[in-house]
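Single-letter residue listing:
Protein chains: 4
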Amino acid sequence: MGLEVCKAVDAAADLDLVALINQGDSLESASGSGARVLVDFTNPGVVMENLRWAIGQGIHVVVGTSGFTEERLAQVRGWLAEKPGVGVVIAPNFGIGAILMMRFAASAARYFDSVEIIEQHHPRKLDAPSGTAMHTARLIAEARKAANCPPMPDATQEELDGARGTDIDGVRVHAVRAAGLVAHQEVLFGAAGETLTIRHDSLDRSSFMPGVVLAVREVVKRPGLTLGLDELLD
Amino acid sequence: MGLEVCKAVDAAADLDLVALINQGDSLESASGSGARVLVDFTNPGVVMENLRWAIGQGIHVVVGTSGFTEERLAQVRGWLAEKPGVGVVIAPNFGIGAILMMRFAASAARYFDSVEIIEQHHPRKLDAPSGTAMHTARLIAEARKAANCPPMPDATQEELDGARGTDIDGVRVHAVRAAGLVAHQEVLFGAAGETLTIRHDSLDRSSFMPGVVLAVREVVKRPGLTLGLDELLD
Amino acid sequence: MGLEVCKAVDAAADLDLVALINQGDSLESASGSGARVLVDFTNPGVVMENLRWAIGQGIHVVVGTSGFTEERLAQVRGWLAEKPGVGVVIAPNFGIGAILMMRFAASAARYFDSVEIIEQHHPRKLDAPSGTAMHTARLIAEARKAANCPPMPDATQEELDGARGTDIDGVRVHAVRAAGLVAHQEVLFGAAGETLTIRHDSLDRSSFMPGVVLAVREVVKRPGLTLGLDELLD
Amino acid sequence: MGLEVCKAVDAAADLDLVALINQGDSLESASGSGARVLVDFTNPGVVMENLRWAIGQGIHVVVGTSGFTEERLAQVRGWLAEKPGVGVVIAPNFGIGAILMMRFAASAARYFDSVEIIEQHHPRKLDAPSGTAMHTARLIAEARKAANCPPMPDATQEELDGARGTDIDGVRVHAVRAAGLVAHQEVLFGAAGETLTIRHDSLDRSSFMPGVVLAVREVVKRPGLTLGLDELLD
Chain A
1 MGLEVCKAVD AAADLDLVAL INQGDSLESA SGSGARVLVD FTNPGVVMEN
51 LRWAIGQGIH VVVGTSGFTE ERLAQVRGWL AEKPGVGVVI APNFGIGAIL
101 MMRFAASAAR YFDSVEIIEQ HHPRKLDAPS GTAMHTARLI AEARKAANCP
151 PMPDATQEEL DGARGTDIDG VRVHAVRAAG LVAHQEVLFG AAGETLTIRH
201 DSLDRSSFMP GVVLAVREVV KRPGLTLGLD ELLD
Chain B
1 MGLEVCKAVD AAADLDLVAL INQGDSLESA SGSGARVLVD FTNPGVVMEN
51 LRWAIGQGIH VVVGTSGFTE ERLAQVRGWL AEKPGVGVVI APNFGIGAIL
101 MMRFAASAAR YFDSVEIIEQ HHPRKLDAPS GTAMHTARLI AEARKAANCP
151 PMPDATQEEL DGARGTDIDG VRVHAVRAAG LVAHQEVLFG AAGETLTIRH
201 DSLDRSSFMP GVVLAVREVV KRPGLTLGLD ELLD
Chain C
1 MGLEVCKAVD AAADLDLVAL INQGDSLESA SGSGARVLVD FTNPGVVMEN
51 LRWAIGQGIH VVVGTSGFTE ERLAQVRGWL AEKPGVGVVI APNFGIGAIL
101 MMRFAASAAR YFDSVEIIEQ HHPRKLDAPS GTAMHTARLI AEARKAANCP
151 PMPDATQEEL DGARGTDIDG VRVHAVRAAG LVAHQEVLFG AAGETLTIRH
201 DSLDRSSFMP GVVLAVREVV KRPGLTLGLD ELLD
Chain D
1 MGLEVCKAVD AAADLDLVAL INQGDSLESA SGSGARVLVD FTNPGVVMEN
51 LRWAIGQGIH VVVGTSGFTE ERLAQVRGWL AEKPGVGVVI APNFGIGAIL
101 MMRFAASAAR YFDSVEIIEQ HHPRKLDAPS GTAMHTARLI AEARKAANCP
151 PMPDATQEEL DGARGTDIDG VRVHAVRAAG LVAHQEVLFG AAGETLTIRH
201 DSLDRSSFMP GVVLAVREVV KRPGLTLGLD ELLD
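Chains as they are written, first to last, in the numbering used here: chain A, 1 to 234; chain B, 1 to 234; chain C, 1 to 234; chain D, 1 to 234.
Worth flagging that the hints you see were computed from the coordinates, not collected in a lab.
Each hint should be verified, as a subset may be incorrect.
Identical chains share a label here; the pair holds if one copy fits it or two copies do between them.
As the list claims (entries may be wrong) - Subject to a maximum C-alpha distance of 25 Å in a straight line, what follows is the list of computed DSS-like cross-link-like pairs (lysine-lysine):
(1) Lys83 x Lys125
(2) Lys7 x Lys125
(3) Lys221 x Lys145
Could you put together the complete structure from these sequences and hints?
Here it is in structure tokens:
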């Protein structure tokens, strides 16, 4: 992932790659190189130390590492409070397509009688449904609750066990697993006489790079902590 | 349905509509009109009497009425044995698209590691999954068994109840219900690096008419009993 | 269309249908009935007179009639200036799904390298591409221009005439015509490793009714002229 | 490609990989290893010599190399005539999904009023439409001609240049090019009230391996020359 980030930054005409820090390398090479932004795809064991150091140096940080609890976020906010010009973006997902899919789904949810989610993944996946599908379902459920939408129509009386999928806060989610698939999700909205479908197909992690590059560009303009890529997409 | 059949026959350049028999009308009007083929979309209570009469008159019959048990079929075969030139086609489904979908699905089944079915219907439907989806799943399972296909790969360990759909003879089936849908089915085949999808969308019962017209054309060339439209599609 | 509107208003729990005005009927029956909102699906020849009368009576108006030039809109604004509490909504399209599709497409346009539109309609349609597809393409082109997006990548050197569709402000649009289709549109966005697809399927004009009902509810809260349903969807 | 073939053969429980011949290696290593089948993914400059040699040795051959003219095929048939037990399979495409797509498309073509093809590829592709799309269109056109199908309905009067795609023997083909795509094709069939869609998505060349393995298994049972994988799929 680190190498892909370096390639993506290097390929962006308005960005310069000034340092490449491998596991075991000292962070000092970053400050020596005049880096304005540090991109951290490391692991939960070292990310906090990296953040503390970079913020202390006045270097902005884009973080794709996982494992951020409320305690950790509070700690980062504390460090940032002492360096008011510095920005940190922490995002669980840098895929712009997936983020737009969720945003559009939440936005459309209140205008349709029915919504269902069909996610499709390779058969080596351990969980069903996917985390993204569950997150999407919850966003939809919240939006419908806020708009006082009635329950979705469903006259099913005879159901073979599992045929109607799993129910997440009132939204049905179906998980397909098949060879040849990578990571796909479809959100289907229906009202009298029409359907609206939002579908995201992800083929490989190169799809995260535009999101990383966007975050690098934006973090320098956003002092303080920004959670999630969503806010950076206006 | 009867009226739609009349319109479809009337619209076919090579066919003539010579009689229109409503509930309560006598079948004699059919023989008086010189009809060569009788199309029967009636009900299980009268269809056997209609068949007995038509075969006796040497009139070919296309039947879309339901309720044919093995006993009834044996009875029809008995009547036909005495009239060797007469043909009868009895079909549960005259939708050519649905029939081709099932045929292609059965034919492709052995060549892929994975197969799943996603059917989508209006929310007034009482059963899930649909009869067509269950029938398709069984055809696929039979084809895979005959070719000694191994079980499909699926590493799912944590599943929310129902997320992976229902299991019909080893084939996962997912039933979506939403306003704005009519009757749709997708069969997804997957192997390393590729997927093949066969999808049928049915919007209204006019979709049955080409199948009825085809059966009218073919029944005159096929003495004896033909079950299902599948055989008429070569 | 008028009858469908009456059914939809009648079916909405929070709205009352108080009058039904056919061609030739006097508008006075509307004022006599205590109507607060007039819905006008008439024709360009009479709609201006209806608007003038309703605004004068202090009745809000929802208009689905076509033919509004800049002159006509200026005239309506003039009438409304004299009745500051009255609202008028004029919309060329009341399909919420189609409007959301266009809104989402415009919003996603700047984040992807490529965008193409595939619209699919019944074969009796006279124009290709559809007005909705052309409008969507223009919205996408504007959004990309505003964000300084580079031209889309396309290495095509040998093209059979028309294979790559038509070019509308730099956005390729493909028009499919086939029996069995009604009105469908797909907007495909692509970036490295991922695609995002927004698809709208419209089966019949009942799909316009939720938009009409929404406009009836909203027009009473929005004095002055509102153009398009888009603003009513927040 | 050669390496992927080796991996695929090695992974098949019923096949043994006995030799691996790189560019510059002598073919003798194949005969010394007791190979029963030679798989040739080389180039037009050497493939004929390889075939001559293998057939002479009584080794069956599966060929994925391109450039086979009628003269070359006649030459291969000549060599095979002298070795009646030896089989050769020469195929331009080993993707089972693509081959089934074409087969199903040809088989369905006569039963629908309308057929159109939408192919979608990455934007580095030089030609539009793809060779597979053109081949599919021709198969469809032939099938419709053989069944005396009338021209497809299309009332288009006002068309922006290219909107309706390119016309290949009466079948409209649309070529979409976008980042994030790999190689995809959709064949859409339509009749009154229904559509049938056959879609193939290919993500990488691992999708060719099941076809190669199938050919290796089948070539030993089929003396003489077999052209195309289609015949091996019964």
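Hint check results:
no.: 1; hint: Lys83 x Lys125; result: neither (42 Å within a copy, 50 Å between copies)
no.: 2; hint: Lys7 x Lys125; result: between (28 Å within a copy, 23 Å between copies)
no.: 3; hint: Lys221 x Lys145; result: between (35 Å within a copy, 22 Å between copies)
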